[in-house]
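Turn these sequences into a full structure, and let the hints guide you.
Protein chains: 4
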Amino acid sequence: METVLLTGFSPFGGETVNPSYEAAKRLQGKWVHGYQVVAEELPTAFGRSLERLWQLIDYHQPRIVICAGQAGGRDSVSIERVALNIIDARIPDNEGQQPIDTPVVEGGPAAYWSSLPVKAIVKRIREEGIPAHVSHTAGTFVCNHVFYGLMHRLQQEKGVRGGFIHIPFSPEQAVHHPGQPSMHLDLIVRALEVAIETTIRTEEDIREAGGTIS
Amino acid sequence: METVLLTGFSPFGGETVNPSYEAAKRLQGKWVHGYQVVAEELPTAFGRSLERLWQLIDYHQPRIVICAGQAGGRDSVSIERVALNIIDARIPDNEGQQPIDTPVVEGGPAAYWSSLPVKAIVKRIREEGIPAHVSHTAGTFVCNHVFYGLMHRLQQEKGVRGGFIHIPFSPEQAVHHPGQPSMHLDLIVRALEVAIETTIRTEEDIREAGGTIS
Amino acid sequence: METVLLTGFSPFGGETVNPSYEAAKRLQGKWVHGYQVVAEELPTAFGRSLERLWQLIDYHQPRIVICAGQAGGRDSVSIERVALNIIDARIPDNEGQQPIDTPVVEGGPAAYWSSLPVKAIVKRIREEGIPAHVSHTAGTFVCNHVFYGLMHRLQQEKGVRGGFIHIPFSPEQAVHHPGQPSMHLDLIVRALEVAIETTIRTEEDIREAGGTIS
Amino acid sequence: METVLLTGFSPFGGETVNPSYEAAKRLQGKWVHGYQVVAEELPTAFGRSLERLWQLIDYHQPRIVICAGQAGGRDSVSIERVALNIIDARIPDNEGQQPIDTPVVEGGPAAYWSSLPVKAIVKRIREEGIPAHVSHTAGTFVCNHVFYGLMHRLQQEKGVRGGFIHIPFSPEQAVHHPGQPSMHLDLIVRALEVAIETTIRTEEDIREAGGTIS
Numbered sequence: 001m002e003t004v005l006l007t008g009f010s011p012f013g014g015e016t017v018n019p020s021y022e023a024a025k026r027l028q029g030k031w032v033h034g035y036q037v038v039a040e041e042l043p044t045a046f047g048r049s050l051e052r053l054w055q056l057i058d059y060h061q062p063r064i065v066i067c068a069g070q071a072g073g074r075d076s077v078s079i080e081r082v083a084l085n086i087i088d089a090r091i092p093d094n095e096g097q098q099p100i101d102t103p104v105v106e107g108g109p110a111a112y113w114s115s116l117p118v119k120a121i122v123k124r125i126r127e128e129g130i131p132a133h134v135s136h137t138a139g140t141f142v143c144n145h146v147f148y149g150l151m152h153r154l155q156q157e158k159g160v161r162g163g164f165i166h167i168p169f170s171p172e173q174a175v176h177h178p179g180q181p182s183m184h185l186d187l188i189v190r191a192l193e194v195a196i197e198t199t200i201r202t203e204e205d206i207r208e209a210g211g212t213i214s
Numbered sequence: 001m002e003t004v005l006l007t008g009f010s011p012f013g014g015e016t017v018n019p020s021y022e023a024a025k026r027l028q029g030k031w032v033h034g035y036q037v038v039a040e041e042l043p044t045a046f047g048r049s050l051e052r053l054w055q056l057i058d059y060h061q062p063r064i065v066i067c068a069g070q071a072g073g074r075d076s077v078s079i080e081r082v083a084l085n086i087i088d089a090r091i092p093d094n095e096g097q098q099p100i101d102t103p104v105v106e107g108g109p110a111a112y113w114s115s116l117p118v119k120a121i122v123k124r125i126r127e128e129g130i131p132a133h134v135s136h137t138a139g140t141f142v143c144n145h146v147f148y149g150l151m152h153r154l155q156q157e158k159g160v161r162g163g164f165i166h167i168p169f170s171p172e173q174a175v176h177h178p179g180q181p182s183m184h185l186d187l188i189v190r191a192l193e194v195a196i197e198t199t200i201r202t203e204e205d206i207r208e209a210g211g212t213i214s
Numbered sequence: 001m002e003t004v005l006l007t008g009f010s011p012f013g014g015e016t017v018n019p020s021y022e023a024a025k026r027l028q029g030k031w032v033h034g035y036q037v038v039a040e041e042l043p044t045a046f047g048r049s050l051e052r053l054w055q056l057i058d059y060h061q062p063r064i065v066i067c068a069g070q071a072g073g074r075d076s077v078s079i080e081r082v083a084l085n086i087i088d089a090r091i092p093d094n095e096g097q098q099p100i101d102t103p104v105v106e107g108g109p110a111a112y113w114s115s116l117p118v119k120a121i122v123k124r125i126r127e128e129g130i131p132a133h134v135s136h137t138a139g140t141f142v143c144n145h146v147f148y149g150l151m152h153r154l155q156q157e158k159g160v161r162g163g164f165i166h167i168p169f170s171p172e173q174a175v176h177h178p179g180q181p182s183m184h185l186d187l188i189v190r191a192l193e194v195a196i197e198t199t200i201r202t203e204e205d206i207r208e209a210g211g212t213i214s
Numbered sequence: 001m002e003t004v005l006l007t008g009f010s011p012f013g014g015e016t017v018n019p020s021y022e023a024a025k026r027l028q029g030k031w032v033h034g035y036q037v038v039a040e041e042l043p044t045a046f047g048r049s050l051e052r053l054w055q056l057i058d059y060h061q062p063r064i065v066i067c068a069g070q071a072g073g074r075d076s077v078s079i080e081r082v083a084l085n086i087i088d089a090r091i092p093d094n095e096g097q098q099p100i101d102t103p104v105v106e107g108g109p110a111a112y113w114s115s116l117p118v119k120a121i122v123k124r125i126r127e128e129g130i131p132a133h134v135s136h137t138a139g140t141f142v143c144n145h146v147f148y149g150l151m152h153r154l155q156q157e158k159g160v161r162g163g164f165i166h167i168p169f170s171p172e173q174a175v176h177h178p179g180q181p182s183m184h185l186d187l188i189v190r191a192l193e194v195a196i197e198t199t200i201r202t203e204e205d206i207r208e209a210g211g212t213i214s
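Chains as they are written, first to last, in this note's numbering: chain A, 1 to 214; chain B, 1 to 214; chain C, 1 to 214; chain D, 1 to 214.
Take the hints with a grain of salt, since some may be wrong.
To be verified - Quick partial rundown of chain A residues pointing at chain B, CB under 7 Å, derived from the structure: (1) 72; (2) 75; (3) 130; (4) 171; (5) 181; (6) 185.
Unchecked claim - What the simulated footprint calls covered on chain D by chain A, stretch by stretch (three residues with Cβ under 8 Å from a Cβ of chain A suffice, anywhere in the stretch; the number is not a length): (7) 67-76; (8) 87-98; (9) 105-113; (10) 132-144; (11) 201-214.
As the list claims (entries may be wrong) - Here are some, though not all, of the chain C residues that point toward chain D, as calculated from beta-carbon distances under 10 Å: (12) 75; (13) 126; (14) 129; (15) 170; (16) 172; (17) 174; (18) 175; (19) 177; (20) 180; (21) 181; (22) 183; (23) 187.
FYI, nobody ran anything at the bench for these hints, they're computed from the structure.
We treat Cβ as the ideally placed atom computed from N, Cα and C, and that holds for glycine.
Here is the structure:
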């Protein structure tokens, strides 16, 4: 049996839910092309999030790791392409820490690429009628921290692929954020499932324009 | 038996569907607090849309008329408050007409207010976890044209209330409009149903801040 | 000698300047095609703003009245086309008043059109290389209140034309509003001057698409 | 005499000017704290832009290199923090090339950090009343290509610092891009000058929150 580890985060920034974990847990235990999904929650805290992720990798020995996080203000599913070795917190995390301009991994390279087939995933999610795009910045808060830490760890895990997906506010959240777009949880769940399926079935990513001019 | 007339539009501007009619038809025949919903499609064309709406009012003799239209680019359900006596078409309608700076009704007043309880509707839709707001402009295309024509007609229909609701792109449409927000059709359908319910149950609108500074 | 009355507002909403009056006063005393500009400041307060405007009209007996106001969040000069008979304050005014859903003029019509040549003004401002557009909502705060009150008064002033222009934040303000666009004061001043010139020289507005779909 | 090399780009994407070079050339020959500015234009073309930049570095032997580029749609001056080793062109460059998913430098690291004091620059530009922010993505078109190529080259140039600054559309351009923000060229010129000054005077960047949550 092969495992896909799918994580979401705990609520932060005054929210009472985090749609990333709400979506992830709806895929808990699901079989996708012979792989089983294990859904877990990470704390939205710099230190403990990564510690927890690494424990989960040790324990579940997954072949694929997808971490999902909430990106309030975005209008579509963002398949992140690159993780940066920087923490620059605009607000404190859930434990009150607000590090500024420190690396995620001391001495690590400036960035790691996602090892998910990002272009193929975007294409397939769109084919399902769900807005999606490749993103070139995962921010500089706990999401990017976890993403960088994941990719750093996976350098030593032969054959294990991983990456990060940002999702919009849920409609319930957007009620309290006038002017912000949102996405129905059903679509998020389906997008995550498609991302898993596509990763399993795609060895080599496709080439298709997905960039931005600036 | 009392009737609620709920209209949506035909697709326009290169789209193959119009979520306003897709949503409306899912409420066709539904009973809401003793009223039955009749869902109809209006053509996205200046002349014929209003002609058709007036025929439908003659035929169905509704107590409530709610017209819904697609507002690509908006992120939440917009309960329109005011219809303007102007047509100023940025693109041609479905019959190739593009009138500029002509009134909807020659000699009519500059504007009509919606006679729906707009504030109560916004409040109730939000309570369902669906983003909604009061809007003070329905544009100057076929939507506003129909809205103004409806309210003009209702001046002579004692006790019949009516108004207009703009809805975002569907997710399927937004796939082809990168950077534009969208809303799941289930939420649109529910929002329209709540609007109907709230209109039936609310004689006098509530007072609650819903304005904009500019 | 003919007079153009040009007003701006006092700062509000926590700001220390209001670019609308900053711009207006730079045109104080200026001669434009035989008309002299009188620049005055209106308080950002529901009651007193309109009282003051009406006094200024009594005193200066202007042929043209242009009221300018700040519209934080807009990216270009907005020539307002229509004033609504509604106050719906999202925040308190400078005197702590926050009326909700009350008319500007009890018993007045739902709306008045600007009597400025709005399309010609937009065209000429753009020809100067300054972004501008026709707007169909002036909000529901003090700006719209003054605009409606002005147009109500001008119904009785034969041959006097008037209207409202919204302007973006100044760059200095936008420094404190990350993610909000801004416009250099020199461009605002020039846009207001062009609006005055164009109004003087244009009896009949041009017809040119300037509308919005929604 | 020490030299600052300041580059802008040629117009692209259907524009007739590029404000990045318009701004740069207004600083040509200017002395800033004992350094002289040399302003040069780079072609908006993948191959030749970097070739030209490297020639200019050979020729001028600058101590500081700042490349500026136009970022249509952004509302403030963006001090770029990181260059990615990827080209993913959404539109063809000025020579018709549209590479997709190829590295800027074969075998190079995923990313390089700017060696400008980005936080200090943002702080100082804001103090001048000009909106500015740290950006974590320079896109995947020619701007990022030049930025990455610059930082790659500077790995071998001891003591030479460099980076990239994105600027908004000029107002003249935004006239043709309704809904897009813009910035007056005088502010861009001043922002670039402040960036140069601050780089000269700042050995060690300050620490101040400048990150994004996502």
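Against the structure, the hints come out as follows:
no.	hint	result
1	72	12 Å, violated
2	75	4 Å, holds
3	130	6 Å, holds
4	171	6 Å, holds
5	181	3 Å, holds
6	185	9 Å, violated
7	67-76	holds (count 6)
8	87-98	holds (count 6)
9	105-113	holds (count 5)
10	132-144	holds (count 8)
11	201-214	holds (count 9)
12	75	4 Å, holds
13	126	5 Å, holds
14	129	4 Å, holds
15	170	8 Å, holds
16	172	4 Å, holds
17	174	4 Å, holds
18	175	5 Å, holds
19	177	8 Å, holds
20	180	7 Å, holds
21	181	3 Å, holds
22	183	7 Å, holds
23	187	6 Å, holds
Checked against the numbered hints above, the structure breaks hints 1 and 6 and satisfies the rest.
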